[in-house]
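In order, the protein sequences belong to chains A and B. In this text, residue positions in the first sequence follow our numbering: the first is 1, and each later residue adds one. In this text, residue positions in the second sequence follow our numbering: the first is 371, and each later residue adds one.
The hints are simulated quantities; they were obtained by calculation from the structure and are not laboratory data. Please read these numbers as outputs of a predicted model, since none were measured by experiment. Careful: at least some of the hints might be erroneous.
[Claimed, not checked] Chain A side only, calculated, beta carbon under 7 Å to chain B, not exhaustive:
| # | residue |
| --- | --- |
| 1 | Arg20 |
| 2 | Val34 |
| 3 | Tyr36 |
| 4 | Thr86 |
| 5 | Met89 |
| 6 | Asp93 |
| 7 | Asn121 |
| 8 | Met132 |
| 9 | Glu207 |
| 10 | Val209 |
| 11 | Leu295 |
| 12 | Ala308 |
| 13 | Ile328 |
| 14 | Arg331 |
All C-beta atoms in this analysis are idealised placements derived from N, C-alpha and C, irrespective of residue type, glycine included.
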Amino acid sequence: MRKALSVGRKEVRQILRDRRTLLILLFVPAFFLVIYGYALSWDIRHIKMAVQDQDHSTASRSLVSSFLNSGYFDFAADAQSDADITRLMNEGDVRVVLVIPAGLSRDLELGRTVPIQILLNGDNANTATTVMGYALTIVQTESMNYRLVAGTRTTPPLSVESRVWYNPQLRSALFLVPGLIAYIVMITSVVSTAVSIVREKERGTMEQVRMAPIDAASFVVGKTLPYFVISLLSAVAIVLVAMVMFGLPMRGSWLLLLVTTSLYLVGALGLGLFISSLAETQQVAFQIALLASFLPTLMLSGFIFPIASMPAFLRGVTYLVPARYFLIALRGIVLKGVGLSILWEPLLTMSAYSAAVMILASVRLRRQWS
Amino acid sequence: MRRIRFLIWKELIELRRDPRLFSIVIIAPIVQLFMLAYAATTDIRDVPVVISDADRSTASRELIQRFGASPSFRLVAVTTSSTDVDRYLERGDAWLAVTIPAGYDDALAARGGGAVQIIADGSDANSAGVSLGYATNLIAGYGQELSARRAALGVSPGAGARIGALEPRVRVWFNPRLQSRDFMIPGIVALLLLLVTTNLSAMGIVREREVGTLEQLNVTPLRRSELIVGKLVPYGLVGVVDVVLVLSVAVLWFEVPLRGSIVQLFAMTLVYLLSTLGLGLFVSTISSTQQQAMMTAVFFFLMPMVLLSGFVFPIENMPAVIQPFTYLLPLRYFLVILRAIFMKGVGIETWWPQAAGLLGWGVTILLLAIMRSSKRSA
Numbered sequence: 001m002r003k004a005l006s007v008g009r010k011e012v013r014q015i016l017r018d019r020r021t022l023l024i025l026l027f028v029p030a031f032f033l034v035i036y037g038y039a040l041s042w043d044i045r046h047i048k049m050a051v052q053d054q055d056h057s058t059a060s061r062s063l064v065s066s067f068l069n070s071g072y073f074d075f076a077a078d079a080q081s082d083a084d085i086t087r088l089m090n091e092g093d094v095r096v097v098l099v100i101p102a103g104l105s106r107d108l109e110l111g112r113t114v115p116i117q118i119l120l121n122g123d124n125a126n127t128a129t130t131v132m133g134y135a136l137t138i139v140q141t142e143s144m145n146y147r148l149v150a151g152t153r154t155t156p157p158l159s160v161e162s163r164v165w166y167n168p169q170l171r172s173a174l175f176l177v178p179g180l181i182a183y184i185v186m187i188t189s190v191v192s193t194a195v196s197i198v199r200e201k202e203r204g205t206m207e208q209v210r211m212a213p214i215d216a217a218s219f220v221v222g223k224t225l226p227y228f229v230i231s232l233l234s235a236v237a238i239v240l241v242a243m244v245m246f247g248l249p250m251r252g253s254w255l256l257l258l259v260t261t262s263l264y265l266v267g268a269l270g271l272g273l274f275i276s277s278l279a280e281t282q283q284v285a286f287q288i289a290l291l292a293s294f295l296p297t298l299m300l301s302g303f304i305f306p307i308a309s310m311p312a313f314l315r316g317v318t319y320l321v322p323a324r325y326f327l328i329a330l331r332g333i334v335l336k337g338v339g340l341s342i343l344w345e346p347l348l349t350m351s352a353y354s355a356a357v358m359i360l361a362s363v364r365l366r367r368q369w370s
Numbered sequence: 371m372r373r374i375r376f377l378i379w380k381e382l383i384e385l386r387r388d389p390r391l392f393s394i395v396i397i398a399p400i401v402q403l404f405m406l407a408y409a410a411t412t413d414i415r416d417v418p419v420v421i422s423d424a425d426r427s428t429a430s431r432e433l434i435q436r437f438g439a440s441p442s443f444r445l446v447a448v449t450t451s452s453t454d455v456d457r458y459l460e461r462g463d464a465w466l467a468v469t470i471p472a473g474y475d476d477a478l479a480a481r482g483g484g485a486v487q488i489i490a491d492g493s494d495a496n497s498a499g500v501s502l503g504y505a506t507n508l509i510a511g512y513g514q515e516l517s518a519r520r521a522a523l524g525v526s527p528g529a530g531a532r533i534g535a536l537e538p539r540v541r542v543w544f545n546p547r548l549q550s551r552d553f554m555i556p557g558i559v560a561l562l563l564l565l566v567t568t569n570l571s572a573m574g575i576v577r578e579r580e581v582g583t584l585e586q587l588n589v590t591p592l593r594r595s596e597l598i599v600g601k602l603v604p605y606g607l608v609g610v611v612d613v614v615l616v617l618s619v620a621v622l623w624f625e626v627p628l629r630g631s632i633v634q635l636f637a638m639t640l641v642y643l644l645s646t647l648g649l650g651l652f653v654s655t656i657s658s659t660q661q662q663a664m665m666t667a668v669f670f671f672l673m674p675m676v677l678l679s680g681f682v683f684p685i686e687n688m689p690a691v692i693q694p695f696t697y698l699l700p701l702r703y704f705l706v707i708l709r710a711i712f713m714k715g716v717g718i719e720t721w722w723p724q725a726a727g728l729l730g731w732g733v734t735i736l737l738l739a740i741m742r743s744s745k746r747s748a
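Please construct the entire structure, taking both the sequences and the accompanying hints into account.
Written out as structure tokens, the structure reads:
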């Protein structure tokens with residue numbers, strides 16, 4: 001332990017010498033959480049819509065205004081011809097085109113069913129699905145209104161009463177902010193330790209360390225300690241910022257949150273050290289660190305893409321992504337307020353993960369030294 | 371010119387001497403593309419759902435069977451009391467809990483109004499919203515079927531009245547099956563290229579400085595602009611190899627439709643490489659250690675590009691204050707161009723402003739890098 005501490009002290013001195021890196025590690029994560037938390041959202045509003053109204057009647061105007069009054073659609077253009085529509089869609093000026101056929105009001109009076117065309121830009125399938133849902137609801141509601149006017153509305157035989165737990169308004173901030181916390185913390189930690197060992201190799205100081213009476217395990221622990229303190233400070237700052245700025249609730253135990261975050265940090269820092277022990281040059285270490293943390297943490301952790309919908313082999317791969325467990329635990333603690341009785345599983349896996357990467361790094365280093 | 375050629379040669383030798391770097395730069399993007407492309411589906415399927423059936427009647431079993439048969443849902447469990455479902459939601463084993471109350475069958479038969487309760491786990495608001503929509507649709511469809519059955523028996527009133535109705539007909543352009551993969555894969559390609567090439571070049575100059583060989587380069591008659599170009603070309607070559615590989619995987623394996631011109635696609639990718647490599651070199655000139663270079667690149671350039679470029683989070687959803695800042699990101703322009711070429715099949719006549727923006731960005735950052743490095747040598 002004493003050996004580990006002296007390695008740690010040496011590392012602290014080195015960190016203090018590079019002020020820019022220290023400042024980045026301490027403050028930049030929280031700063032960026034504010035920006036991203038504010039900027040990003042899944043809530044789709046102000047969808048730009050073009051209208052091609054071939055009927056010009058009270059009925060068609062009423063349909064258009066029910067789109068605009070819904071608060072989701074903004075009128076962007078009046079399409080006169082099919083060429084207009086193609087141009088507007090190709091250039092991305094509008095996302096939706098509503099085409100109302102001529103003879104709408106006449107057909108309605110005759111009691112016919114009139115097709116209303118809705119053209120959607122499907123490039124972003126997620127947005128398009130949501131927009132389609134809005135549009136369908138609006139058209140159906142308008143259609144129901146006709147029955148209401150005619151006085152023949154009947155009660156549907158089956159009704160749904162839905163409730164949302166933990167996030168009743170389905171605010172996307174409550175969903176995004178925990179993901180951003182996991183993401184930013186992961187990158188900060190991996191990036192901070194990824195070079196710490198390989199730098200000594202590249203500069204030739206590793207030989208001196210090898211000569212010193214230090215074993216690989218305490219070297220690895222000593223390297224982790226100072227970064228652990230820095231990352232924990234920055235993680236706490238991030239969580240506090242999330243609560244103050246974005247109204248992230250805290251329904252569970254603070255202690256459990258601290259333990260969970262620490263475990264996650266050790267895993268992430270350990271991953272960085274493991275990468276560092278693998279590489280021979282800093283360039284290689286960075287390259288691996290980026291590829292291992294940047295996109296996988298974003299895409300395989302359940303942050304953006306639900307794991308349950310992934311193909312089976314990929315669901316297996318996600319077990320290697322520590323953010324996956326942290327995200328379950330974080331959402332569980334702050335949003336659901338559940339305790340250890342439910343979260344023991346992700347916590348246990350995170351501990352195993354952290355231990356595994358630290359041991360791998362030490363083993364790898366010992367083999368290089370001998 | 372000869373001096374640049376020597377420098378390029380030196381860089382290529384260095385790359386060859388580091389076989390691990392070489393294999394990472396070539397193999398890793400392909401492996402990543404394979405995994406991430408499969409992950410990148412926002413199409414939500416197999417929503418885990420738990421149903422508590424307090425009624426245990428033929429009618430309730432029929433409803434449960436509807437959920438079981440739908441590809442959108444995966445039945446995790448059917449319980450008999452509504453308190454049991456709490457645990458499933460707390461543990462996250464189910465996203466939705468459907469509660470069929472006791473007396474459901476009777477209510478359905480007698481008054482014509484059965485009610486089903488759905489609880490959604492809102493901690494993942496996005497999935498919750500979508501799956502709630504699925505469930506509501508499923509039940510509404512089932513309800514319509516019930517009333518149709520009843521109408522056939524002549525129970526329902528008002529069946530004879532003729533009232534006009536609207537029938538929405540949706541046509542989806544550019545991506546008729548609404549596959550998010552076709553949208554995401556071009557983005558992943560762009561991001562992988564960004565990570566690999568920016569990282570390579572960000573270390574390029576600062577590494578020489580840290581190891582001490584920059585001094586040696588300084589005493590040679592090599593000019594600063596020549597140093598930058600000499601670094602740019604070999605990394606650019608590596609980038610081009612990557613481009614060919616990942617684009618082939620995207621088109622041949624994942625069958626992302628390539629509707630536009632392949633020549634334009636390739637040309638714009640080269641312009642994009644110019645900006646990612648230029649960015650790396652610029653970072654390299656403003657850093658004194660490789661660690662600093664990495665931190666600067668990661669936090670001030672790469673992370674904003676992943677999150678704010680429109681890669682997964684649509685720019686149009688962002689607040690108006692933020693949106694102008696996204697014009698500072700070269701990836702933003704390139705994503706528009708890539709998606710336009712892949713999905714819409716439109717040519718430069720539609721996206722020339724983005725192309726101009728991308729080119730301008732690349733040239734500017736390269737000039738900045740050259741200027742920064744010449745100040746250093748003075």
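Quick rundown of the hints versus the structure:
| no. | hint | in the structure |
| --- | --- | --- |
| 1 | Arg20 | 6 Å, holds |
| 2 | Val34 | 11 Å, violated |
| 3 | Tyr36 | 5 Å, holds |
| 4 | Thr86 | 9 Å, violated |
| 5 | Met89 | 6 Å, holds |
| 6 | Asp93 | 11 Å, violated |
| 7 | Asn121 | 6 Å, holds |
| 8 | Met132 | 6 Å, holds |
| 9 | Glu207 | 16 Å, violated |
| 10 | Val209 | 18 Å, violated |
| 11 | Leu295 | 6 Å, holds |
| 12 | Ala308 | 6 Å, holds |
| 13 | Ile328 | 6 Å, holds |
| 14 | Arg331 | 4 Å, holds |
The earlier numbered hints that this structure contradicts are 2, 4, 6, 9 and 10.
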